[in-house]
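Colleague: In the order they appear, the protein sequences are chains G and A.
Each residue of the first sequence is one higher than the one before, counting from 0 in numbering that gives the first Met the number 0.
Each residue of the second sequence is one higher than the one before, counting from 0 in numbering that gives the first Met the number 0.
Check the hints yourself; a few may be wrong.
[Claimed, not checked] Listed below are several chain A residues computed to face chain G (Cβ distance under 8 Å; list not exhaustive):
| no. | residue |
| --- | --- |
| 1 | Gln55 |
| 2 | Arg104 |
| 3 | Met110 |
| 4 | Phe112 |
| 5 | Gly116 |
| 6 | Leu118 |
| 7 | Tyr129 |
Treat the hints as calculated values from the structure; they're not laboratory data.
These figures come from a predicted structure and were not determined experimentally.
Here a beta-carbon is modelled for each residue, glycine too, at the ideal position from N, C-alpha and C.
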Amino acid sequence: MEFFEEFPSLGRKTLSGMKQAVDETFKGFSRAYGEQLENFFDPLLRFLIWFEKLLEATPWPIILLVVGGLAWLGSRSWKITIGSVLAFVAIGILDMWEDTMATLAIISVATMLCIAIGIPLGILMSRSDRAQGIITPILDVMQTIPSFVYLIPVVMLLGIGKVPGLLAVCIYAIPPIVRLTNLGIRLVDKDVLEAADAFGTSPWQKLWGVQVPLALPNIFAGINQTIMMALSMVVIASMIGVKGLGVPVLRAISNQYLALGLMNGLAIVALAIIFDRVSQTYGKRLQAYRNGGK
Amino acid sequence: MSELKVQIKNLYKIFGKNPKKVLPQVKTGLGKPELLDQTGHVLGINNVSLDIPAKQIQVVMGLSGSGKSTLIRHINRLIEPTDGQILIDGEDVLTMSDRQLRDVRRKKTSMVFQKFGLLPHRKVMENVGYGLEVQGVKDDEIAQKAQHWIDRVGLTGYENHYPGQLSGGMQQRVGLARALATDAEILLMDEAFSALDPLIRYDMQSILLELQDELHKTIIFITHDLDEALRLGDKIAILRDGAMIQEGTAPQIVLTPADDYIADFTKDINRGKVIRLRAIAEAGTPYDGANIPAGTLLNDALQPLAQAPNQTLGVTEPDGRYLGTVSLTKVIGALAG
Ligand SMILES: Nc1ncnc2c1ncn2[C@@H]1O[C@H](COP(=O)(O)OP(=O)(O)OP(=O)(O)O)[C@@H](O)[C@H]1O
Ligand SMILES: [Mg+2]
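The following block holds chain G by itself, in its conformation from the complex (with noise of 0.2 Å):
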């Protein structure tokens, strides 16, 4: 009877053997590569670096202008520009301000690494049904593991850092963008295509002259959650190393500073309902012809 009370599981020397022989074989691993790996990504911690100090050494006027530019370029609406003005001049009051800019910084960073990298994966995988079948059980992992767990293998490789919080954000947020882009694409209306192939359309011109542009409202909708879900990771990029308005509220969980937590918090709040809100609208401007407006 004891056999079914507890489930036949493997020696507890047998496993702590395995997971050793595991940690070992990665320890290794980095050992030999590590170097190697933050050789090749310091372009991008250089660029990181280099685009945070533009931020903290912008004089703020400058920044608020930039701000309101932006949100008026992209969503043509007084209301939503002169929210996200008033947003980053009470960011400012509160004395937030410099943590936000390297919040944005990293932000943005991650944003367009993740644009560049997953745009050509989503397109790869809507031209392929094998790297469909290959790439979205991946990407399934990807969303659901929590994140400490691959913060591990990350820290162990990179150490504590910029670029590892950088890696961090982007596993957590490409999925979306990579998603949607694959089904924007494969959504794109076949008759459409059938009729860009009678006129003799190459490949390359039915991608970037029909499938692309067509697709462009969902790579919106893709971008818009790769944003929410790279601010979402802000507080946990935080504990790795990464400067932001995750730092305080870190700060806050361990010394029970509530009003300081709430702050910084709702100041995250801010940034993805400006962002949210920017790119949402600018999303259907772009398909402003699927319902006959100009």
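Mind docking chain A with the ligands on chain G? Use the hints.
Modeller: Just chain A with the ligands, lined up with the frame of chain G:
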């Protein structure tokens, strides 16, 4: 009939898992329903051969599912056949490389679709210029040609609208202009006017006939509507279950339907608007009275015949050739079918 523009030779298309394997059965006479029952394959095209002369309108007619769309898509190889040959200007389309095939699609053929197939994210102007853009033509030349065809189909002023802002009839004018803009000699039209309501449809047919008078394209026009077929077609081919069951001119099909299926199609047609005197003139009997042109429609011949002595007239071709006589009784007989 003059030079042949498109030749379809013993074309077969079978949809399913292993078309090549069931092809021999089809070749030995297995029909569409039996093929589906026994093997799960769908017979799309069953041994169709068709010679399409240059500068004429060849209509292909048949009920839904008879294989019309499948057939027309073979001509520019949007569909690969299971067996057979397609020649355009004597060149085999099926042995062409991707590049050669693209060239044919760019320069020799163009297509108009039942569901329009317009690019929704491009304005009318950019849609009409699409074929030229794909060819790499210079921008100002595209703009000029696109404008010309937009004007020709009566869409002046709508250059900067999106397709979604236009009515169905206007959208299909865009489709027609887009197809004409590349100057391709062969125009493939798959139920191009079927989605339009009757009046607009009649208008579009008129536009097409008017343009054809001047452009002399080789047009392959698919329809399931006999009135449309008779109005447009210099030649008509009829498909059923993927096989071609009759081919001929409009009067041939109305006067001598090959089987009940076609007779059924033609029974409600107004024959007086289709059949010309040429088809019913009684050869032989010399006649010294007045003559009437052989191209006169039966309807239009009633009045002159009623007033003629003996209610009989001689029939002559435009070149002066004498065909024989017609009498009012004969015409009435032909009208009654
Ligand atoms: N991709 C496909 N796979 C399987 N069967 C197909 C495919 N395309 C067409 N068929 C079948 O081939 C036959 C002919 O279809 P097709 O679309 O050519 O008919 P059609 O004459 O154009 O009809 P409609 O008037 O409805 O457009 C039909 O039985 C259809 O089900
Ligand atoms: Mg069809």
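Colleague: So, for every hint listed, does it hold in this structure?
Modeller: Tested hints:
1. Gln55: For A/Gln55, the interface hint is violated, since the closest Cβ of chain G sits about 21 Å away, which is over 8 Å.
2. Arg104: Holds. Min distance 4 Å.
3. Met110: holds, 4 Å
4. Phe112: Hint on A/Phe112: holds, closest Cβ of chain G at ~6 Å, below 8 Å.
5. Gly116: At 3 Å from the nearest chain G Cβ, A/Gly116 passes the 8 Å test, so the hint holds.
6. Leu118: Cβ of A/Leu118 sits 6 Å from chain G, so the hint holds.
7. Tyr129: holds, 6 Å
In this structure, only the earlier hint numbered 1 is contradicted, and the remaining ones agree with it.
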